[in-house]
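The chain contents come next:
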Amino acid sequence: QVSVINTVDTSHEDMIHDAQMDYYGTRLATCSSDRSVKIFDVRNGGQILIADLRGHEGPVWQVAWAHPMYGNILASCSYDRKVIIWKEENGTWEKTYEYTGHDSSVNSVCWAPHDYGLILACGSSDGAISLLSYTGDGQWEIKKISNAHTIGCNAVSWAPAVVPGSLIEQPSGQKPNYIKRFASGGCDNLVKIWKEEDGQWKEEQKLEAHSDWVRDVAWAPSIGLPTSTIASCSQDGRVFIWTCDDASGNSWSPKLLHKFNDVVWHVSWSITANILAVSGGDNKVTLWKESVDGLWACISDVNKGQGGVSAVTEGQQNEQ
Amino acid sequence: QVSILSAMELIWNLCEILFVEAAAAGPLLLRLLDWVRLHVCDVDTMVREVLSSENPSKHKLFWNVVDVFVLQGRMDEARHLLSKEATANPTSMNMYKILDDLMKKMPVPSLGNTQTLTELELKWQHWHEECQRYLQDGTFASNPHMESLCKVLLGDEDAILEKKELMTTWYHFLVTRLLYSHPTVKPMELRFYAQSSMDLFLGGESSPEPLDMILMAAFEFEMHQVIKECSIVLSNWWFVAHLTDLLDHCKLLQSHNLYFGSNMREFLLLEYASGLFSHHSLWQLGVDYFDHCPEYGRVYLELHIERVPLNTEQKALKVLRICEQRQMHEQVRSICKIMAMKALRNNRLGSALSWSIRAKDAAFATLISDRFLKDYCERGCFSDLDLIDNLGPSMLLSDRLTFLGKYREFHRLYGEKRFPEAARLLLTLMTAHIAPCSFWMTLLTDALPLLEQKEVIFSAEQTYELMRCLEDLTAGNPDKQKFQEDDVETTKVEMLRLALARNLARVIVKEGTVEGS
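From first to last, the protein sequence lines are chains A and B.
If you read the first sequence in the working numbering, its first letter stands for residue 1, the second for the next number, and so on.
If you read the second sequence in the working numbering, its first letter stands for residue 1, the second for the next number, and so on.
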């Protein structure tokens, strides 16, 4: 049984494209076609507007919270080709960096696992993916993967910083050798997996199953098992769950979660990766769980509001 | 209306009787009777009312209460009430005596091993026949209440069903039926009686509710079904997790190997504990639950514990203690870093420094040390002296931190007027490159008062070293223009050169002088 815990009236003047809870589930960041990014304190079922951030000149598509060890940092990306990084200093939120290296709309931003440092991946309609790494003192180093997806890149999602199989093998005393990976989804109907080798980013895998633009990808958090899991959703109404059983990341096999009647815009995993939230043009948010026999079952659906639900986030909500 | 909590108690007790205790035929019935008496409470008010009235036998609900007692097998209480009726109505004394006798003699299963089931069955058969005879003789014909009671004793379903409202539930009906028709019922036979009881009681008027289905599954000994139905109906995992845990400990659940390799007990406990984590204080209980999940507990705990909001320092310390007890080093580091960053944002440098030391975060420690030094340059004094003075070996975490500690030590030595030591330390800071180049000017300026002392402190060699440092600093500075234009800087350099030269002069003389002559 799933119950709606809270609704937040954001007073956005136009469509809301994304809503993300922070690490602790105490704050909510929302962004909209009205060009603003709003931050709310949502503790104890309340909703207090903390900040109304203006700086974009077009609809803002996504927001992403960085890990709290770097402070209170939020990234936003917009149709105006900009990526803005906001930081809270002395109780007020300010723009701390603006990236304008893309030639068209930036559709997705995603922070890397904190173990890698403060790194942001951005996917754009110009087909490129940029990686911004904070090097200190307000400086950011840029790496760009051009032509990552033909026509455009719609989503980026980082793999968790876990050496696969660590639940079973005993980790050694020193820091493990992380291999940085992330997944991206694009207008070429593909999901691609990128790996960093010797400081360069290379395409490691191409996952083909969708018949239309991939709208979102989400790499599931790891619980140390030797499997990796990615969820992808597309304009074709399908959501696929990709799993890879070996540590080297070579063989990915797709399983169809469901075929919806409309575009599926977003997918998002819960903290321990046992629930997947899916939102789509059919105005519903559905939650899915894997059952004993490996099949995915819908454990709820929530029908809210009049318009299509386009963003979903899994926070600290108590659902079963 | 059965509230959720009472429903849970009802189910739990039944599971205890049927699964955990696995009561055998004989005691099974007694347990079920206890169960009914404990949980079907709607009639309690009526009972109390009648018993506490002045003249119970005249109360309009008197017979209802007697019926209740008989239906629940509470023979002694029934007989006690009946005796009051008998004294009030001497005409029915005979009937009363016979009924009383029957009730007294009714064979019931005993808890000890005093009789076998066969013995009980025999006795019961005889008793049943005796009741039958009295009924057929028309002994109770003149008193419909007593007659109906006799029929109940005989296990007549219709008679029992007439008193539906007093039983309120089909499972009460089930137990009453069993008491008066088959007291030696075996556990495995329950399912048949249960199904028919429910059908007879509901009589097609109403359909079973979820609670009924759960109890039915229990009577059918379908443990998994019970768990499944409870999971669907109840709104949180608390009940199901604990019930499954209990059953698992009694080794009653065959491990259903779920896709992700864990078993059902662990699965439910994980779900329950995960739910606890979203609560601002119950998350601490969640920790213990995760501890008891051998396969995934640790990983789940690692993922969840990092997301506990660290509103206060106490909470952070609590979370840290939990992580440290379980050797979750990554989480410890991460939390310390978060607290350090928070402290820094609130300008609490001392707190930030101690957190970053705890996190063994060299980079951050360097950053904070720089802040300390910057503060010193601006204000001329240190904050958080206690902390810096007591750094101890953690000073070695980062070069900058070491410098900070040593620099403070220099100031202390100076304050204690241990000038030669202070001087030596100062010099080492520069020559051993512990001090960052940017700070050399400040250090040299600190050396000025030492150079100007009445007594000569720096030896010739040390003075040469100092001069070298100064030259390195001014020569190596690419911004020569700036240096020359900045009056304060040039004045400083000139003063230093002068002081150094004077010191050199004095020290050469001093060292050249033969002692004691």
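Among the clues, some could well be false.
[To be verified] In the DSS-like style, the derived pairs of lysine-lysine whose C-alpha atoms are separated by at most 27 Å in a straight line are:
| id | chain 1 | residue 1 | chain 2 | residue 2 |
| --- | --- | --- | --- | --- |
| 1 | B | Lys360 | A | Lys180 |
| 2 | B | Lys97 | A | Lys87 |
| 3 | B | Lys123 | B | Lys97 |
| 4 | A | Lys289 | B | Lys228 |
| 5 | B | Lys315 | A | Lys87 |
[Said to hold, decoys possible] Here chain B is said to cover these stretches of chain A; the calculated rule only asks that three of the stretch's residues, wherever they fall, bring their Cβ under 8 Å from a Cβ of chain B:
| id | segment |
| --- | --- |
| 6 | 21–28 |
| 7 | 217–225 |
Calculated directly from the structure, the hints in this document are not laboratory data.
Quick caveat: nothing in here was measured; it's all calculated off a predicted structure.
For glycine and all other residues, C-beta sits at the position ideal for the given N, C-alpha and C.
Checked hints:
1. Lys360(B) to Lys180(A): holds, 24 Å
2. Lys97(B) to Lys87(A): Roughly 91 Å between the alpha carbons, so the hint for Lys97(B) and Lys87(A) is violated.
3. Lys123(B) to Lys97(B): This hinted pair holds, its Cα atoms lying about 21 Å apart.
4. Lys289(A) to Lys228(B): Holds - the C-alpha atoms of Lys228(B) and Lys289(A) are around 16 Å apart, at most 27 Å.
5. Lys315(B) to Lys87(A): holds, 24 Å
6. 21–28: holds (count 4)
7. 217–225: holds (count 4)
Hint 2 from the list above is the single one not met by this structure.
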